[in-house]
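J.: From just these sequences and the hints, can you work out the full model?
Residue numbers (my numbering), protein chains in the order written: chain A, 41 to 331; chain B, 41 to 331; chain C, 41 to 331; chain D, 41 to 331.
Simulated from the structure, these hints should not be mistaken for laboratory data.
Only true hints are included.
Note that the list lumps identical chains together, so a pair holds whenever it fits in one copy or between two copies.
Here are the simulated EDC-like cross-link-like pairs (lysine to aspartate or glutamate), alpha carbons at most 16 Å apart as the crow flies:
hint: 1; residue 1: Lys143; residue 2: Asp106
hint: 2; residue 1: Lys95; residue 2: Glu122
hint: 3; residue 1: Lys117; residue 2: Glu92
hint: 4; residue 1: Lys98; residue 2: Glu184
hint: 5; residue 1: Lys325; residue 2: Asp288
hint: 6; residue 1: Lys196; residue 2: Asp243
hint: 7; residue 1: Lys196; residue 2: Asp240
hint: 8; residue 1: Lys96; residue 2: Glu42
hint: 9; residue 1: Lys195; residue 2: Asp243
Protein chains: 4
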Amino acid sequence: MEVGFLGLGIMGKAMSMNLLKNGFKVTVWNRTLYKCDEVVAHGASVGETPAEVVKKCKITIAILSDPAAALSVVFDKDGVLEQICNGKGYIDMSTVDPQTSCKISEAITSKGGHFLEAPVSGSKQPAETGQLVILAAGDKALYEEAGPAFNVLGKKSFFLGQIGNGAKMKLVVNMIMGSVMNAFSEGLVLAERGGLNPHDLLDVLDLGGIANPMFRGKGPAMLRDDYSPAFPLKHQQKDMRLALALGDQNAVSMPVAAAANEAFKKGRSMGLGDVDFSAVLETVKLLKHPS
Amino acid sequence: MEVGFLGLGIMGKAMSMNLLKNGFKVTVWNRTLYKCDEVVAHGASVGETPAEVVKKCKITIAILSDPAAALSVVFDKDGVLEQICNGKGYIDMSTVDPQTSCKISEAITSKGGHFLEAPVSGSKQPAETGQLVILAAGDKALYEEAGPAFNVLGKKSFFLGQIGNGAKMKLVVNMIMGSVMNAFSEGLVLAERGGLNPHDLLDVLDLGGIANPMFRGKGPAMLRDDYSPAFPLKHQQKDMRLALALGDQNAVSMPVAAAANEAFKKGRSMGLGDVDFSAVLETVKLLKHPS
Amino acid sequence: MEVGFLGLGIMGKAMSMNLLKNGFKVTVWNRTLYKCDEVVAHGASVGETPAEVVKKCKITIAILSDPAAALSVVFDKDGVLEQICNGKGYIDMSTVDPQTSCKISEAITSKGGHFLEAPVSGSKQPAETGQLVILAAGDKALYEEAGPAFNVLGKKSFFLGQIGNGAKMKLVVNMIMGSVMNAFSEGLVLAERGGLNPHDLLDVLDLGGIANPMFRGKGPAMLRDDYSPAFPLKHQQKDMRLALALGDQNAVSMPVAAAANEAFKKGRSMGLGDVDFSAVLETVKLLKHPS
Amino acid sequence: MEVGFLGLGIMGKAMSMNLLKNGFKVTVWNRTLYKCDEVVAHGASVGETPAEVVKKCKITIAILSDPAAALSVVFDKDGVLEQICNGKGYIDMSTVDPQTSCKISEAITSKGGHFLEAPVSGSKQPAETGQLVILAAGDKALYEEAGPAFNVLGKKSFFLGQIGNGAKMKLVVNMIMGSVMNAFSEGLVLAERGGLNPHDLLDVLDLGGIANPMFRGKGPAMLRDDYSPAFPLKHQQKDMRLALALGDQNAVSMPVAAAANEAFKKGRSMGLGDVDFSAVLETVKLLKHPS
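T.: What follows is the structure, encoded as structure tokens:
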């Protein structure tokens, strides 16, 4: 199977390498060309422009850094739109908001092309090992056609219905995760201030009903004040804001998520926006001499 | 090793049977005698009163239904206090508040006895299979002496320091669990109202960083409005209240737990106090025609 | 002094009548012409189009129903923009968001005109009696030139600096008001359920440090479940959302406003969006048999 | 009319002086005797003990610093209980919790005496000028008999029903006040960070529907970071905790009060427990470099 691949950032490179290793023919493009070298060394072809890649391939996958980049690669000169046509599919695996996704979808389909949004959950390592979770929505036929590629890239892929649903699912998951992180942080501080050893709390939690990889992975670092940014606090807060906005549109009252969102905002006001979102722990910690 | 065992409710019966199976000699007592029959059939002896059990055994374990029962078995006529003395140990595995635990501790130690509070996390099935988590605090030497019994009863035991810490650890864990349940409920309703299939959300969550047994175990039932009471909502809310009070005493501000606590109170006001705490989902659901 | 006046809704009619009574010469325009009859009977002239009014008057005031109408009157054919020019001033007293205000401001000033946004606080009755509070921002010279008109229309006017600040001030005030209404509602329900007479609470509050016109005015109606819409709940919730968004942009964490906002959203989900915002009381009330 | 008066602190002295000025015969007692000098100079008699005062007077009023002092004056040797009897009335105007009030009530009535709890709202100045608000509960006949004294002491008195209701009413009012203070603080910070002058906000608020003495009185000081303690933050937080507990007992969910309570706890954790409760403003302010 032959696929185009636009964007060779951390995720894109790992994913395209993975496709090559599994026998796919891949034609890549990246804004800065030298980033193509490694994948070319492993057998990829290079396209000069997004348009050229789309012209050559029946299916083109993109994974770009943000909504602006995702739009640019489609709408700019020599972009996807110039060559997309009936019979060709375009799959955007970038994490973007539902509005951006809809805009791209409309443009692609108005040219007769097929479009799938397919944001992923998982970072660099799962990308390298094909352990991503793929949240696809849009053109069902294209989803099925892309099945062999998704099987290589992810441990599991979902087809979630109409365009926008992939982005929404990510928001809902991240919202829950943000509230859970706040609950965890409050518990860690309460344990310590209440005279317990918070390391014992980590051990007890890990044996119980809410044991989860995040507590296990981030807990010990948090107790060392280590907030190396895996997922920056300001991005987590942005996702909570967007999830709350989705709730607002649908008249869903979410008091716990709202409280968690304000805690993340407090984190931003304390200068913690660029470190890991687990730094919300700092907003709970004792600040001065209590009274 | 020979141990006394006071209280043959669901937990106590499973635990004493487990001790017998693993070669312990066990002398049991229960307020209603006929409940002793099954364990006697498996080799246990019977004591007529708590005092008699303590007189006979170097170490006596109790697991009773509530603080009142825990106090009664110690302080009433023919109670533990009449025979406890230097060289004997008493281990209360009931779930009680720190104040009750301290009161029992003072009485036992003033007679020269050794005392350990050791509430457990886990219900009937883990009790039968020796998979409890034991949260012990108090007399360290007694903790070590009881090691062989704890190894049979639990998959893991913790020694958490001074009396009261076992109870506190349970409160902190339950507080986190209550907030997590609220986060989960808000996410389920947001998914459904936002046009997603909440079953997909369960699947996506189970593949990610906050995958945990509680989501996996309770999620599908919640989507069927099935709130069969494993842990009644009113008890969960009581534990959140006590955890917030512990925070109050230590000047720890916990806005997410406070919001979750109010949601559980809303659940009580909706008549959901006696069903499972996952019924907090109902407080998030749409009530009437939105506007 | 001669002024143009665009928009003769409830507010506009009261305000233009007030200007006439106080000796101003007024040229009015309204989309549906017959609404001009009454003010014409009191001495106003009529302009056929917004452009014609602007052509005739040095200063033109507008008060329109919403952002769409505010934009239309400026940008549409025969709109304000066609005649605004150096030496002429345009004052928009509609309640709009900062973005709409900025858009109008840019268009007016690019033609050499002077622009002031001047939303008001106060409804029909204060408009009739000249007791409005005017929240002006933008062109300082125009603010001063319009002083005689503002003195007639309002009991007090403020100049708040750059364009957008008038709108922001309204959001901040409404945000505080929304939280205060929630605090009040919670207190009323707590009093009643705690065995007190909520009418006594109204009386006690009115004698104390937080006595205010809103408690006095709306309290008795709320105790009769009377939520006749003075300010619809859904509009109050929208203002809280916008105020929270302003806080988000400036990293201000506002947990109480966030909790109040979720309560108003709950109100919307209960079908109370179109009645008065005091109906948030219903979200606090007991729903079923408590446990 | 002749009354006994126990306790000559700031409030008690002002109140007893006020009674004397208005023609009452007053017999006073105070733990430290020299504090009686000034009221004696204005015509009061002195009793050696609380018991002696009660023996001499048909009605005895007490206003003491805290629950411990209120209990001591009744139950200690030479206390009220030794002389209270059928036909005599005892009115406790101290601010105490409902439990303390009930305990005193039971003791007094078991001796045949009549009891009224009557906490006041208002501080030193209203006490001097007879402008207190009196929140009475308990014995209705005694309430009426004490009418002439209440008319002198307060601008208004309420009879609120059974013992405990006076204390409860104070809690509900203080809970609302605490939430309102948080709403106000969030608004002040939002205004400033959003580019508005917070002094303008004070002026605009004071012209609108939620204008109130507290905003007017404390607002300017808050903008100077002046938190001179009129009502210490830790006492405000304690009252919110007690009000939330009252809600808990009655299954009333109060998310806004809960969020406000957590903010006051954050204030305590920042070392602000002993300054005025308006210092909750500091918890909202920007802490470091935002992101």
